[in-house]
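A.B. asks: My request is simple: use the sequences and hints to build the entire structure.
Spelled out, the chains give:
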Amino acid sequence: MKFYIPPQLTRLALVFAIFIALFLALRHFLIPDTFGELGHYRAASLIDNAKPDVHYAGQLACFECHQDIEDLKKKDAHKEIHCETCHGSGQKHVLSGEAADIIKPAGREFCGRCHDMNAAKQKSVIHQIDLKSNNVGKSCLECHNPHQPWKKKK
Amino acid sequence: MEEEKVKSSRRKFLKSAATLAGATVGFSLLKSSQFLLYGAEPKDESLPWYGIVIDIQKCIGCGSCAKACKNENDVPVEPFFFRTWVEQYTVKNDGSVNIVSPNGGIDGFEQTVPDKDIFKSFFVPKMCNHCAKSPCIQVCPVGATYDSPEGVVLVDEKYCIGCRYCVQACPYGCRFIHPVKKVANKCTLCYHRLKKNLAPACMEVCPTGARMYGNLRDKNSELVKFLKEHTTQVLRPHLNTGSKLYYNALSSEVR
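For the record, the sequence lines run as chains A and D. Just so we're aligned, residue 0 is where the first sequence starts under numbering that gives the first Met the number 0, counting upward by one. Just so we're aligned, residue 0 is where the second sequence starts under numbering that gives the first Met the number 0, counting upward by one.
Treat the hints as calculated values from the structure; they're not laboratory data. None of these values were measured; they are calculated from a predicted model. Hints should not be assumed to be uniformly reliable.
Listed below are the simulated BS3-like cross-link pairs for lysine-lysine, each with C-alpha atoms no more than 25 Å apart in a straight line [to be verified]:
| no. | chain 1 | residue 1 | chain 2 | residue 2 |
| --- | --- | --- | --- | --- |
| 1 | A | Lys50 | D | Lys195 |
| 2 | A | Lys78 | D | Lys224 |
| 3 | D | Lys91 | A | Lys122 |
| 4 | A | Lys103 | D | Lys69 |
| 5 | A | Lys91 | D | Lys194 |
| 6 | A | Lys151 | A | Lys74 |
| 7 | D | Lys115 | A | Lys131 |
| 8 | D | Lys14 | A | Lys1 |
| 9 | A | Lys131 | D | Lys91 |
| 10 | A | Lys91 | D | Lys69 |
| 11 | A | Lys103 | A | Lys74 |
C.D. replies: Structure (structure tokens):
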């Protein structure tokens, strides 16, 4: 039996082949590098996401120079609090060593962010005072050393 | 002759159909092929798989986390772009609930409900839940948002087309369109910090340790221990998002 392919089928096959080739070529150029290596995304994007510089150095970086503060802090109620909670982001200061590159917070409002009375704060978690009635007009730092809050100044 | 041709082609057809079906079933039984069939990538077991715990009892609403997050990740300062924020829930004696989040809690909270009306009040820090079956990834038309091998949901800023589909898909409201870059933006669990062995900025600065992250794969990690010892809950469990952000002492008023 002679195998016979009608000419319209050959032509159709040709058209299909052209479409498939076009599709593959487009696909090759449109899909970015590393797409699909780990999943339905660009694997190189993981590197992009890991790239930004940190602003918060972490307190181990602080203690490399400020050993004295570490010793002060670990004896009192603020021992669990990391330096950058109050002093703000410190990476710039770590790199430059300039005092201007770090915040030295003061003032009742700043302490009040944590210590002001609020019904939503658990008494067992945080010591609270009423900023509106407690030693009005005085700075908290007049009596308390923030690194050792319960050892009051004279 | 014609009849014979039909018969032989039917047999041929049945034969090849059976081969194809057999091959498909056999192929699907192979473990390594499941990625192709189900789109589930094999996870690298040597990497940590991150989960988060937020202890509502410990949160004091100081807003340090939200502030540090904006600082660390250069999030626009306008008060509607947040990767993490804090809400205060106040349940009144009459049963109604008052929910506030002034500037995401960055400037702190002032109790507006008089003390005599308060039944209970608490703070709820919110952030990306880093869902294992996250709706935001499923809807992305270009594959610009994905679950990293560490279980962190990330955005590919170079590939995102800013169509906003993921923003409306997230049931927790954790995404926004960056006003300058015009692409989706969200919490990355400070992926750039994790890779440098530093804690996420919000957890670095939390004064009470209300936030915790850890490796869910490591059965001895602090996080897994905490989950075992406490009654924790995820937000909107009925949506089956596979959320990996567990709240301790979550009240049913929280949405």
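A.B. asks: Of all the hints numbered above, which does this structure not satisfy? Sort the numbers upward.
C.D. replies: none
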